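Undergrad: Here is how the chains run, residue by residue.
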Amino acid sequence: MKPDLSVTLGSLRLRNPVMSASGTFGYGLEFAPFYDISRLGAIVVKGLSLAPTHGNPPGRIVETASGMLNAIGLQNIGVERFIEDVAPRLADAGATFAANIYGRTVEEYEEVARRLSGLPSLAAIEVNASCPNVKEGGIAFGSSPEGVSRLTGRVRNATDKPVWVKLSPNVSDIGSVAQAAEGAGADAVSLVNTLVGMAVDHRTRRPKLSNVTGGLSGPAIKPVALRMVWEACKRVKIPVIGIGGIQTAADALEFLLVGASAVQVGTANFRNPGVCVEILEGIEAFLREERLSGIGEYRGKLAL
Amino acid sequence: MKPDLSVTLGSLRLRNPVMSASGTFGYGLEFAPFYDISRLGAIVVKGLSLAPTHGNPPGRIVETASGMLNAIGLQNIGVERFIEDVAPRLADAGATFAANIYGRTVEEYEEVARRLSGLPSLAAIEVNASCPNVKEGGIAFGSSPEGVSRLTGRVRNATDKPVWVKLSPNVSDIGSVAQAAEGAGADAVSLVNTLVGMAVDHRTRRPKLSNVTGGLSGPAIKPVALRMVWEACKRVKIPVIGIGGIQTAADALEFLLVGASAVQVGTANFRNPGVCVEILEGIEAFLREERLSGIGEYRGKLAL
Amino acid sequence: MPSSRMRTAEGRIVCNEGHGGIFYRLEAALPDPVGFVPGQFAMVSGWPGNDPLLPRPLAIFRSAAGPKGKGTVEFVYKVVGRGTALLSGLHPGAPLSLTLPLGRGFDLGKEGRLYWLVGGGVGFSSVFPAAAALARKRADFEMFLGSRTRDQLPPKEWTPGGTAPGRLHLCTEDGTAGFFGRVTDAVTERMGLLSASEASRLTILSCGPWEMLKELALGAANRGVEMQAALESHMACGFGVCWGCVVALREDEKTAYRRVCKEGPVFDAREVVW
Amino acid sequence: MPSSRMRTAEGRIVCNEGHGGIFYRLEAALPDPVGFVPGQFAMVSGWPGNDPLLPRPLAIFRSAAGPKGKGTVEFVYKVVGRGTALLSGLHPGAPLSLTLPLGRGFDLGKEGRLYWLVGGGVGFSSVFPAAAALARKRADFEMFLGSRTRDQLPPKEWTPGGTAPGRLHLCTEDGTAGFFGRVTDAVTERMGLLSASEASRLTILSCGPWEMLKELALGAANRGVEMQAALESHMACGFGVCWGCVVALREDEKTAYRRVCKEGPVFDAREVVW
Ligand SMILES: Cc1cc2nc3c(=O)[nH]c(=O)nc-3n(C[C@H](O)[C@H](O)[C@H](O)COP(=O)(O)OP(=O)(O)OC[C@H]3O[C@@H](n4cnc5c(N)ncnc54)[C@H](O)[C@@H]3O)c2cc1C
Ligand SMILES: Cc1cc2nc3c(=O)[nH]c(=O)nc-3n(C[C@H](O)[C@H](O)[C@H](O)COP(=O)(O)OP(=O)(O)OC[C@H]3O[C@@H](n4cnc5c(N)ncnc54)[C@H](O)[C@@H]3O)c2cc1C
Ligand SMILES: Cc1cc2nc3c(=O)[nH]c(=O)nc-3n(C[C@H](O)[C@H](O)[C@H](O)COP(=O)(O)O)c2cc1C
Ligand SMILES: Cc1cc2nc3c(=O)[nH]c(=O)nc-3n(C[C@H](O)[C@H](O)[C@H](O)COP(=O)(O)O)c2cc1C
Ligand code: FES
Ligand code: FES
Chain A
1 MKPDLSVTLG SLRLRNPVMS ASGTFGYGLE FAPFYDISRL GAIVVKGLSL
51 APTHGNPPGR IVETASGMLN AIGLQNIGVE RFIEDVAPRL ADAGATFAAN
101 IYGRTVEEYE EVARRLSGLP SLAAIEVNAS CPNVKEGGIA FGSSPEGVSR
151 LTGRVRNATD KPVWVKLSPN VSDIGSVAQA AEGAGADAVS LVNTLVGMAV
201 DHRTRRPKLS NVTGGLSGPA IKPVALRMVW EACKRVKIPV IGIGGIQTAA
251 DALEFLLVGA SAVQVGTANF RNPGVCVEIL EGIEAFLREE RLSGIGEYRG
301 KLAL
Chain B
1 MKPDLSVTLG SLRLRNPVMS ASGTFGYGLE FAPFYDISRL GAIVVKGLSL
51 APTHGNPPGR IVETASGMLN AIGLQNIGVE RFIEDVAPRL ADAGATFAAN
101 IYGRTVEEYE EVARRLSGLP SLAAIEVNAS CPNVKEGGIA FGSSPEGVSR
151 LTGRVRNATD KPVWVKLSPN VSDIGSVAQA AEGAGADAVS LVNTLVGMAV
201 DHRTRRPKLS NVTGGLSGPA IKPVALRMVW EACKRVKIPV IGIGGIQTAA
251 DALEFLLVGA SAVQVGTANF RNPGVCVEIL EGIEAFLREE RLSGIGEYRG
301 KLAL
Chain C
1 MPSSRMRTAE GRIVCNEGHG GIFYRLEAAL PDPVGFVPGQ FAMVSGWPGN
51 DPLLPRPLAI FRSAAGPKGK GTVEFVYKVV GRGTALLSGL HPGAPLSLTL
101 PLGRGFDLGK EGRLYWLVGG GVGFSSVFPA AAALARKRAD FEMFLGSRTR
151 DQLPPKEWTP GGTAPGRLHL CTEDGTAGFF GRVTDAVTER MGLLSASEAS
201 RLTILSCGPW EMLKELALGA ANRGVEMQAA LESHMACGFG VCWGCVVALR
251 EDEKTAYRRV CKEGPVFDAR EVVW
Chain D
1 MPSSRMRTAE GRIVCNEGHG GIFYRLEAAL PDPVGFVPGQ FAMVSGWPGN
51 DPLLPRPLAI FRSAAGPKGK GTVEFVYKVV GRGTALLSGL HPGAPLSLTL
101 PLGRGFDLGK EGRLYWLVGG GVGFSSVFPA AAALARKRAD FEMFLGSRTR
151 DQLPPKEWTP GGTAPGRLHL CTEDGTAGFF GRVTDAVTER MGLLSASEAS
201 RLTILSCGPW EMLKELALGA ANRGVEMQAA LESHMACGFG VCWGCVVALR
251 EDEKTAYRRV CKEGPVFDAR EVVW
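Residue numbers (the numbering used here), protein chains in the order written: chain A, 1 to 304; chain B, 1 to 304; chain C, 1 to 274; chain D, 1 to 274.
To be clear, the hints were calculated from the coordinates, so they are not data collected in a lab.
Keep in mind the model is a prediction, meaning the values are calculated, not measured.
Treat the hints with care, since some could be wrong.
[Claimed, not checked] Sample of chain B residues lacking proximity to chain D, with all beta carbon distances greater than 12 Å (derived):
hint: 1; residue: 6
hint: 2; residue: 63
hint: 3; residue: 75
hint: 4; residue: 92
hint: 5; residue: 93
hint: 6; residue: 118
hint: 7; residue: 150
hint: 8; residue: 154
hint: 9; residue: 172
hint: 10; residue: 173
hint: 11; residue: 206
hint: 12; residue: 222
hint: 13; residue: 259
hint: 14; residue: 291
[Unchecked claim] Taking lysine to aspartate or glutamate pairs in the EDC-like style, the calculated list, with each CA pair at most 16 Å apart, reads:
hint: 15; chain 1: D; residue 1: 262; chain 2: B; residue 2: 30
hint: 16; chain 1: D; residue 1: 78; chain 2: D; residue 2: 17
hint: 17; chain 1: D; residue 1: 214; chain 2: D; residue 2: 198
hint: 18; chain 1: A; residue 1: 301; chain 2: B; residue 2: 281
hint: 19; chain 1: B; residue 1: 301; chain 2: A; residue 2: 201
hint: 20; chain 1: B; residue 1: 2; chain 2: B; residue 2: 201
hint: 21; chain 1: A; residue 1: 2; chain 2: A; residue 2: 281
hint: 22; chain 1: A; residue 1: 2; chain 2: A; residue 2: 284
hint: 23; chain 1: C; residue 1: 262; chain 2: A; residue 2: 30
hint: 24; chain 1: D; residue 1: 214; chain 2: D; residue 2: 226
hint: 25; chain 1: A; residue 1: 2; chain 2: A; residue 2: 297
hint: 26; chain 1: A; residue 1: 2; chain 2: A; residue 2: 187
Just so you know, even glycine gets a beta-carbon here, dropped at the ideal spot from N, CA and C.
Let the sequences and hints guide you as you build the complete structure.
TA: Spelled out as structure tokens, the structure:
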């Protein structure tokens, strides 16, 4: 019997728990040459802002031990062009997709969310609450429960779409931040975004990123991400989407095991453009092997 | 001309900036078969508690991508045996050494510090303020500026030795925590300790560590550690000791470049017992190549 | 029929040998033949483990159809760091992961033009395939290859067939072979001798270090000569989804960051903000 | 003279070949000869990059003095995961990083005893060196080797010289060679036949999976037979400084965590908390 791969995130039902992570999957269509993108649980597109954004000067990526730093600076085509040019093509391809959004102010977040609400084919809005370039004296929204609560509440009121709040791992207590999102009406939390890191060249004495610091992703961060997802799952009742260093079906299963309802695959797409489908097939094969009827029989079943 | 490798940490002058990190170097004497341990800037011994400590059951280490998780649980011989058996032998070997200390309560920290104060050969006391098994409802001392401030102040008053406070990276704002240590009288801050992580076996459905979570160390965390050291250096005037994923002279130089006064080498000792001396020699060779008269001409010279 | 559609492929190493001391030639067998435009590249990896994490971009040097519908692809590379060092340690029979062909190659489409192909260092790896394609089209071209010293010029046997000896200009900075000086000097000198109408018929196709390309681009702009430059950049994905590899281009008086892996690696030299 | 002092050594691979399908024999040339006690081990790495990060413990299988004061060391391993897979991919000539000899080996010191050497799976890698040492001392020993099936027994040519054929007992769980059943069953059966005085003269030296050692240890304790067990454990350092590799021992009525790499890997089976 074919195991049931479908998962529910609140009101939303997904074919399967494997999604792409924002910023690592372009606008989704770029992967059409590699496989049928409608096979994924969902595609989360590159973070969208109100106006098109230039991004940071080069020196945007640095490889680190089993990871990479990026400081792309959210270069993107802006929400309008996404709505006009990209969304219809994703819908035509049969893909389930969510929009990751980002603003310099709470008002911008609201406005982007509002504009996206009119897109019938859009499955959800993922709020990037982990960006350091916002008001409030330069302190990231995402690093305090209060900031996350406020941002979540405002976006929640601006749209009828399911709202996923994407959390930063650069905090002392991820559980409280996740609870803040839940309390303010989030339908799900996604975690983790990147860890803030830095790289310098000891000879030239210069930072390797034009932005000096950047976000660390990839297998290096998986142990930290898994711990945070586990902690968040213990603290909230809304679904948790697990992200961070997932490269194989085994990695994805680990996040499901500690309680995640779904996963997102990021950096691994760069190494292997076909990886999301390989993970999907690997999960299915595992459920078969273990004679499990579906994800539900496995999720959160960590034996302590 | 031979470059001057010596560095000062407040009132303390060290031969060179290369130290071993606590918990990765035993009690120091274990390295005597590999090289003359008096060559190191300082040896920081395994965390000492008031009474000998058993530590956690096995399942204590897990390898991760370019890193490892440990949950040793601070197994150690206790401060008394250290003072009686170990310290004299370290002194005989001509080694400069510091004691890393740990307590379940503030009072225990104080008491360990007090007992160590009588050791003339002891160079400094490093306070492990990053341990999750303490009073205060299970919240780590190290995760809030208030906790760090209180602990630092109390240990400061319990001893005349230089006090280094070792900080946890599991915080939103490392700068504030470093400032708290400085404000409470620390002579230096050491950072980072390990990032909290987790590993599970997706087949057996069990955590890989008996303690479920553990501390992530090794090259995987270097970008995060470097960023935090840089941030701490901008916020405090006391010396900062840089720790995290250092494996080569180039790595060590990166920490010095962003402002660290010295470095500690941890996990790399496991792979290569001779690594500290290789790093030391590499730093000297670099200074020669660049025709620098000493560390002072290089430290903190990051060009932004 | 070799197909030029972008794909991932699990190759197997057929040959991976050092040549002339510093260049390696890596040949891999593929499940099916790959067509490519000179200047296009592949993302290549094959070492085990997650460190280094990212594949490395290498220009496609040659490709061929093999027996039974299979194919082969060749790369030429220089060891400059960890990834290329790891590549150089792989033995025949080892697997090689590839995504290819990627990016926008040289535009060789226009009729009746004179081409100067300029390669600095390992830049000949994109310039040779362009020369081979021009030779097949019987187009009019000359080739300038520069290096620091004689031993760092590409081995003779790699020069594409159809390159008339008088049309191949070697340049070494230490004068140990050919023109004594940098390849940019040789090209600029020769450009100086062109009439305006010759200059307007000329297209430079170039690949090499940034400083070399910049100097060439300025020289070409001065003489009104068209130039296409194959740029390098640190890449994470190679197929346009990470936005990590951008270079600043001048477009309609504004600058915009464009992806070297997607809009490039070959750009019109006049648009690049050098 | 081979020295037994603990050291790091940069070796070079001389041979790294599969035998009998599942075991590899890895031989490395060393700057100087290494002396060791059977049961001692080395921390071994050699792959490039930081992933996997940690070296792997392997029992020292053989060592020898070479010409010009140099030495060689040999290991026998089975591919079970990433580290051993990487090792198996290393070619002759490649460098190998070693720290050795490590830990406390078997105690073969007592006169007049009868030894039974028991190896399960790749456990023969510590048992064979012990047999070779006992043979050199002309001590009285028998050897029991167990595996799931015939193909997983060690290749015959590795059996140490001096092992009289009648004293080598092969056991397979599927009965394809020797005793039909587990090696623990064979040993327990034989122990049952011993007189009390024979039992008191017997020492079992054993290496293999935890479950096998546990069963043996219980059987031995029942018959008052002395037993030394070489344990395995996940190790980070291998020389006693990380406290990662501990096992629970019963000491003076209390349990204490002792380091497999330092106080072990060979322990008195009666002290282990199985
Ligand atoms: C489209 C394209 C085609 C290329 N074709 C070839 C080719 O055919 N043959 C060849 O030998 N090389 C080619 N390169 C360059 C090659 O990709 C780099 O040399 C390689 O990625 C370096 O990897 P590494 O791990 O050995 O070096 P690293 O250890 O990563 O770095 C070593 C040094 O090389 C520099 N470097 C690293 N990556 C790049 C990069 N992508 N671009 C520029 N500098 C870099 C670093 O800054 C550093 O100074 C090409 C690059 C691009 C972008
Ligand atoms: C003192 C000592 C001597 C040893 N001698 C030999 C020998 O001579 N020949 C040989 O083939 N093997 C020997 N081993 C076991 C060998 O170290 C492991 O098989 C090896 O470390 C596995 O590494 P890996 O990366 O291939 O496997 P991994 O990918 O790390 O793990 C694969 C599987 O092996 C298990 N495993 C990993 N490391 C160990 C370990 N240290 N102990 C027990 N199980 C482990 C894991 O739990 C997992 O189930 C010895 C172990 C010790 C402690
Ligand atoms: C190049 C790059 C760009 C990213 N851009 C975004 C973004 O626009 N919005 C966002 O929420 N996360 C962004 N991320 C974070 C990822 O979505 C993901 O949370 C993170 O990379 C961790 O997962 P991974 O280890 O699987 O990559 C980006 C990550 C990378 C590597
Ligand atoms: C096995 C192990 C044990 C450790 N024990 C201690 C300890 O007792 N006290 C302490 O302050 N830090 C301890 N640490 C943390 C290290 O001192 C160091 O801060 C951390 O490992 C990061 O450095 P690295 O990446 O170079 O290992 C331990 C680390 C490891 C890996
Ligand atoms: S390398 Fe990812 S967009 Fe170019
Ligand atoms: S492996 Fe480190 S103490 Fe044993």
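Undergrad: Are the hints correct? Go through all of them and say.
TA: Now the hints, each set against the structure:
no.: 1; hint: 6; result: holds, 26 Å
no.: 2; hint: 63; result: violated, 5 Å
no.: 3; hint: 75; result: violated, 5 Å
no.: 4; hint: 92; result: holds, 20 Å
no.: 5; hint: 93; result: holds, 16 Å
no.: 6; hint: 118; result: holds, 26 Å
no.: 7; hint: 150; result: holds, 29 Å
no.: 8; hint: 154; result: holds, 28 Å
no.: 9; hint: 172; result: holds, 28 Å
no.: 10; hint: 173; result: holds, 29 Å
no.: 11; hint: 206; result: holds, 15 Å
no.: 12; hint: 222; result: violated, 10 Å
no.: 13; hint: 259; result: holds, 25 Å
no.: 14; hint: 291; result: holds, 31 Å
no.: 15; hint: 262(D) with 30(B); result: holds, 11 Å
no.: 16; hint: 78(D) with 17(D); result: holds, 11 Å
no.: 17; hint: 214(D) with 198(D); result: violated, 22 Å
no.: 18; hint: 301(A) with 281(B); result: violated, 50 Å
no.: 19; hint: 301(B) with 201(A); result: holds, 12 Å
no.: 20; hint: 2(B) with 201(B); result: violated, 52 Å
no.: 21; hint: 2(A) with 281(A); result: holds, 12 Å
no.: 22; hint: 2(A) with 284(A); result: holds, 8 Å
no.: 23; hint: 262(C) with 30(A); result: holds, 11 Å
no.: 24; hint: 214(D) with 226(D); result: holds, 14 Å
no.: 25; hint: 2(A) with 297(A); result: holds, 14 Å
no.: 26; hint: 2(A) with 187(A); result: violated, 29 Å
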